[in-house]
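All chains should be modelled from the sequences, with the hints used to inform the complete structure.
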Amino acid sequence: MLKSRAQLIDLREKCRSQAADQVRRILVCSGTGCVASGASEVYEAFKTALAEAGIACSVKFMEDEPGVGLKKSGCQGLCEKAVLVKVEPEGFQYIRVTPQDCEEIVRETIQRGRHVARLAFTDSSGNIHKTAADIPFFKKQKRLVLSRCGNIASDSIYESLAAGGYQALEKALFEMTSQEIIDQVSRSGLRGRGGGGFPTGVKWKQVGAQKPGKKYVVCNGDEGDPGAFMDCSVMEGDPHRMLEGMIIAGLACGADEGYIYVRAEYPLAVARLKMAINQAANLGLLGQNILGSDFSFQIKINRGAGAFVCGEGSALTGSIEGKRGMPRVKPPRTVEKGLFNRPTVLNNVETFANVPLIIEHGWEVYRQVGTESSPGTKSFSITGNIENTGLIEVPMGMTLREIIFDVGGGMKGGKKFKAVQIGGPSGACLTEEHFDLKLDFDSLAQAGAMIGSGGLVVADQDTCMVELARFFMGFTQRESCGKCVPCREGTKRMLMTLERIVAGDGRPSDLDNLVDLADTIKATALCGLGKTAPSPVLSTIKNFRAEYLKHIVERKCPSKTCERLKVIFVDPSLCAGCAKCSKICPASAITGKAKEPFKIDPALCVKCGACLSGCKYGAVKEGW
Amino acid sequence: MPQVDLSLVDGIIDGHLGHPSAVITILQEIQEQYRYLPREVFPRISAKVGLSEAKVYSVATFYENFSLEPKGRVIIKVCDGTACHVRRSLPILSRLQKELNLTDGKVTTEDLLFTVETVACLGACGLAPVLTVSGQAHPAMTPDKAADLIKAIRETELKTAAALASEHSALRSNDPSTNAVGN
Chain C
1 MLKSRAQLID
11 LREKCRSQAA
21 DQVRRILVCS
31 GTGCVASGAS
41 EVYEAFKTAL
51 AEAGIACSVK
61 FMEDEPGVGL
71 KKSGCQGLCE
81 KAVLVKVEPE
91 GFQYIRVTPQ
101 DCEEIVRETI
111 QRGRHVARLA
121 FTDSSGNIHK
131 TAADIPFFKK
141 QKRLVLSRCG
151 NIASDSIYES
161 LAAGGYQALE
171 KALFEMTSQE
181 IIDQVSRSGL
191 RGRGGGGFPT
201 GVKWKQVGAQ
211 KPGKKYVVCN
221 GDEGDPGAFM
231 DCSVMEGDPH
241 RMLEGMIIAG
251 LACGADEGYI
261 YVRAEYPLAV
271 ARLKMAINQA
281 ANLGLLGQNI
291 LGSDFSFQIK
301 INRGAGAFVC
311 GEGSALTGSI
321 EGKRGMPRVK
331 PPRTVEKGLF
341 NRPTVLNNVE
351 TFANVPLIIE
361 HGWEVYRQVG
371 TESSPGTKSF
381 SITGNIENTG
391 LIEVPMGMTL
401 REIIFDVGGG
411 MKGGKKFKAV
421 QIGGPSGACL
431 TEEHFDLKLD
441 FDSLAQAGAM
451 IGSGGLVVAD
461 QDTCMVELAR
471 FFMGFTQRES
481 CGKCVPCREG
491 TKRMLMTLER
501 IVAGDGRPSD
511 LDNLVDLADT
521 IKATALCGLG
531 KTAPSPVLST
541 IKNFRAEYLK
551 HIVERKCPSK
561 TCERLKVIFV
571 DPSLCAGCAK
581 CSKICPASAI
591 TGKAKEPFKI
601 DPALCVKCGA
611 CLSGCKYGAV
621 KEGW
Chain G
1 MPQVDLSLVD
11 GIIDGHLGHP
21 SAVITILQEI
31 QEQYRYLPRE
41 VFPRISAKVG
51 LSEAKVYSVA
61 TFYENFSLEP
71 KGRVIIKVCD
81 GTACHVRRSL
91 PILSRLQKEL
101 NLTDGKVTTE
111 DLLFTVETVA
121 CLGACGLAPV
131 LTVSGQAHPA
141 MTPDKAADLI
151 KAIRETELKT
161 AAALASEHSA
171 LRSNDPSTNA
181 VGN
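If you're matching them up, the sequences are chains C and G in order.
Sequential numbering of the first sequence, starting at 1, is according to my numbering.
Sequential numbering of the second sequence, starting at 1, is according to my numbering.
There could be a bad hint or two in this list.
Unchecked claim - Here are the simulated DSS-like cross-link-like pairs (lysine-lysine), alpha carbons at most 30 Å apart as the crow flies:
id, chain 1, residue 1, chain 2, residue 2
1, C, Lys416, C, Lys139
2, G, Lys151, G, Lys71
3, C, Lys274, G, Lys48
4, G, Lys55, C, Lys337
5, C, Lys492, C, Lys330
6, G, Lys106, G, Lys159
7, G, Lys48, C, Lys337
8, C, Lys522, C, Lys438
9, C, Lys300, G, Lys55
10, G, Lys77, C, Lys566
11, C, Lys483, G, Lys48
12, C, Lys607, G, Lys145
13, G, Lys106, G, Lys151
14, C, Lys607, G, Lys98
15, C, Lys492, G, Lys77
16, G, Lys106, C, Lys323
17, C, Lys531, C, Lys438
18, C, Lys566, C, Lys415
19, G, Lys77, C, Lys607
20, C, Lys60, C, Lys171
21, C, Lys595, C, Lys566
22, C, Lys607, G, Lys151
23, C, Lys274, G, Lys77
24, G, Lys48, C, Lys323
25, G, Lys71, C, Lys483
26, C, Lys599, C, Lys560
27, G, Lys145, C, Lys412
28, G, Lys55, C, Lys214
Said to hold, decoys possible - A partial selection of chain C residues facing chain G, derived with a Cβ cut-off under 7 Å:
id, residue
29, Cys79
30, Ala264
31, Glu321
32, Ser381
33, Gly390
34, Ala459
By construction, these hints were calculated from the structure, which means they are not laboratory data.
Glycine included, C-beta positions come from ideal geometry on N, C-alpha and C.
This is the structure we're talking about:
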């Protein structure tokens, strides 16, 4: 237990010197994606391979005897190429590592310092990129919040300390007043990374200005947007950075208790956070009289139970209180009456993870990255039909083109770009014309989109935008809590209309009705979930009106996605006129004369596909 | 319906000092034990926590994770988040449903072996489409791979069941008390 600042500095020095001595390190990515691809098996295989080669291996930093450091790191980013392994000091980045490869890595790289080229990242022109810094995916990124994520063992507080963890807390605790902390955060221009982009400093100031008494700090880790996993990666890969941000928030606003609300779907994040909280408490960085000061702070974890709406502030605090997670009418705002009706600082994971950077280096340094109105970096998860899916962190204001083509490596399989969906079910679809749009809070808002939590899902020519709009509407409709009428009933009607369109029963008036409903919901819904629910529909109607019309007027799906718009037909050049299909057709939709090509009446066809498998000449085909 | 052993429930509630704000956590822990929320637990929670039964029930029905129906021993969650959706996750779900004779409304097999449900996002979007089997993620799925997975699980289950049965019968034949009881 550390009782003073001097003791923390002393421990950090010890950690640093041990880290400096441990030159040789193997980092096995143990983010959700890599674990799913077998990272744990790779880790064990390294253990065995090292033992067989007679090499001492240190699994627990600062606790085990010195040796080659074998570590489970947080997300290294390039999830597409899982399992990722980094070997230091050379910094070799190996991809798609399997347990069978470990022996070779130990033999070649660990024992002889040689590179294993077959496990390296190779670009489309055949160039081999040895280190992460060489790989184009990483080159344009600026990893500040994620600087430790993937580079240290995610389960060791000592490694975190060696890499500068809790340095900002130390500074805040012993060198700054609450006012100064809030002032730094305000001047840094940090805006909430959860979607709204509300200035964090303003929020903290408001909570700090409330009457003294019980206050809370709440971290929103309910990253519900499908297609987003940045917060998941921070919680799993560098939990201490986020805890540090929360403790500083408590210090600044006069709160002594914090809650982290994590999605139920992130079991690994919950486990790592629990471990991190215990480690911090054991060292005296959490709990009573932190580092011997008169400041006390404790953190609890609440697991969500599967409700998207709990990402909304008042629903989230309601859920922590053990109630149904339903948003309430505001004001009073969370800063006045939040958790248990007390003033509450509510920020998301990435926002808290930004705080130590600001405190440690000062607001001027922080503002050097990003744009004037949106300083700092933003992490995105880029997924969908793109070459390099994964976790990225780039300066605010990078253009969509740079992200998709330079960082993301372009479209998967060389297909044509169609749209990128940003901001999840509350966001919008951007198209080619937005390629030079800067990704920051204000530029996106002007384009009718939002950063949301930062999920970028790239869609290629084979994605049907009407179907995608239906997908999002289905999601929000299912997740609507049902409290206010516009959201409960409005999203339902919108979904029914979209379902009709993708089934080929669209009506000419549908588009106008959709827009009309969307405008009403936007103007009248109670919370952010409802207000933004129509965005995917509005933006697809705006950008892909022709595709909607094809579905409605011609009853065709140009991207060949909508099953119900599929037609089954007989290819006359292949049909032998055996009449078998007409006998098996349950709807009597197939007619014709023997020995002549048969025909399917689309009006009668129920698309059961019986004739497809029944034709031995392969003459029955399906198409759009 | 088998009698529910409520002593476990009492332990869980007491572990949270019967605090009303812990009701979600209490329900979660009960569900981890029983794989669903048996009817009998509601009056018990209500009495011990001091909330009306209706309140507790309203919480249980609000959150998607809670189930009032028994679930299968193997829970398969097909991710239908955006990334998985655009990489075609729905055909995987349809195939699983077809193989197991399930529908969107009927999610658990008769033998209580499998439950198949969808989930909004598992956070492994880089490897879409993804599904989890009892919490373990399987990346880059296809309908065929999913079908193979089910087959493999069923085979292991059958083997374990057979092993358990033979162990059981071996125990019985070795155990003299069994004969004495005369069942």
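These are the hints, each one checked on the structure:
{"no.": "1", "hint": "C:Lys416 / C:Lys139", "in the structure": "holds (24 Å)"}
{"no.": "2", "hint": "G:Lys151 / G:Lys71", "in the structure": "holds (19 Å)"}
{"no.": "3", "hint": "C:Lys274 / G:Lys48", "in the structure": "holds (27 Å)"}
{"no.": "4", "hint": "G:Lys55 / C:Lys337", "in the structure": "holds (23 Å)"}
{"no.": "5", "hint": "C:Lys492 / C:Lys330", "in the structure": "holds (25 Å)"}
{"no.": "6", "hint": "G:Lys106 / G:Lys159", "in the structure": "holds (26 Å)"}
{"no.": "7", "hint": "G:Lys48 / C:Lys337", "in the structure": "holds (28 Å)"}
{"no.": "8", "hint": "C:Lys522 / C:Lys438", "in the structure": "holds (25 Å)"}
{"no.": "9", "hint": "C:Lys300 / G:Lys55", "in the structure": "holds (24 Å)"}
{"no.": "10", "hint": "G:Lys77 / C:Lys566", "in the structure": "holds (28 Å)"}
{"no.": "11", "hint": "C:Lys483 / G:Lys48", "in the structure": "holds (29 Å)"}
{"no.": "12", "hint": "C:Lys607 / G:Lys145", "in the structure": "holds (26 Å)"}
{"no.": "13", "hint": "G:Lys106 / G:Lys151", "in the structure": "holds (20 Å)"}
{"no.": "14", "hint": "C:Lys607 / G:Lys98", "in the structure": "holds (17 Å)"}
{"no.": "15", "hint": "C:Lys492 / G:Lys77", "in the structure": "holds (25 Å)"}
{"no.": "16", "hint": "G:Lys106 / C:Lys323", "in the structure": "holds (28 Å)"}
{"no.": "17", "hint": "C:Lys531 / C:Lys438", "in the structure": "holds (24 Å)"}
{"no.": "18", "hint": "C:Lys566 / C:Lys415", "in the structure": "holds (22 Å)"}
{"no.": "19", "hint": "G:Lys77 / C:Lys607", "in the structure": "holds (29 Å)"}
{"no.": "20", "hint": "C:Lys60 / C:Lys171", "in the structure": "holds (28 Å)"}
{"no.": "21", "hint": "C:Lys595 / C:Lys566", "in the structure": "holds (27 Å)"}
{"no.": "22", "hint": "C:Lys607 / G:Lys151", "in the structure": "holds (29 Å)"}
{"no.": "23", "hint": "C:Lys274 / G:Lys77", "in the structure": "holds (25 Å)"}
{"no.": "24", "hint": "G:Lys48 / C:Lys323", "in the structure": "holds (17 Å)"}
{"no.": "25", "hint": "G:Lys71 / C:Lys483", "in the structure": "holds (29 Å)"}
{"no.": "26", "hint": "C:Lys599 / C:Lys560", "in the structure": "holds (22 Å)"}
{"no.": "27", "hint": "G:Lys145 / C:Lys412", "in the structure": "holds (21 Å)"}
{"no.": "28", "hint": "G:Lys55 / C:Lys214", "in the structure": "holds (27 Å)"}
{"no.": "29", "hint": "Cys79", "in the structure": "holds (2 Å)"}
{"no.": "30", "hint": "Ala264", "in the structure": "holds (5 Å)"}
{"no.": "31", "hint": "Glu321", "in the structure": "holds (5 Å)"}
{"no.": "32", "hint": "Ser381", "in the structure": "holds (6 Å)"}
{"no.": "33", "hint": "Gly390", "in the structure": "holds (5 Å)"}
{"no.": "34", "hint": "Ala459", "in the structure": "holds (5 Å)"}
Hint check: no violations occur; every hint is consistent with the structure.
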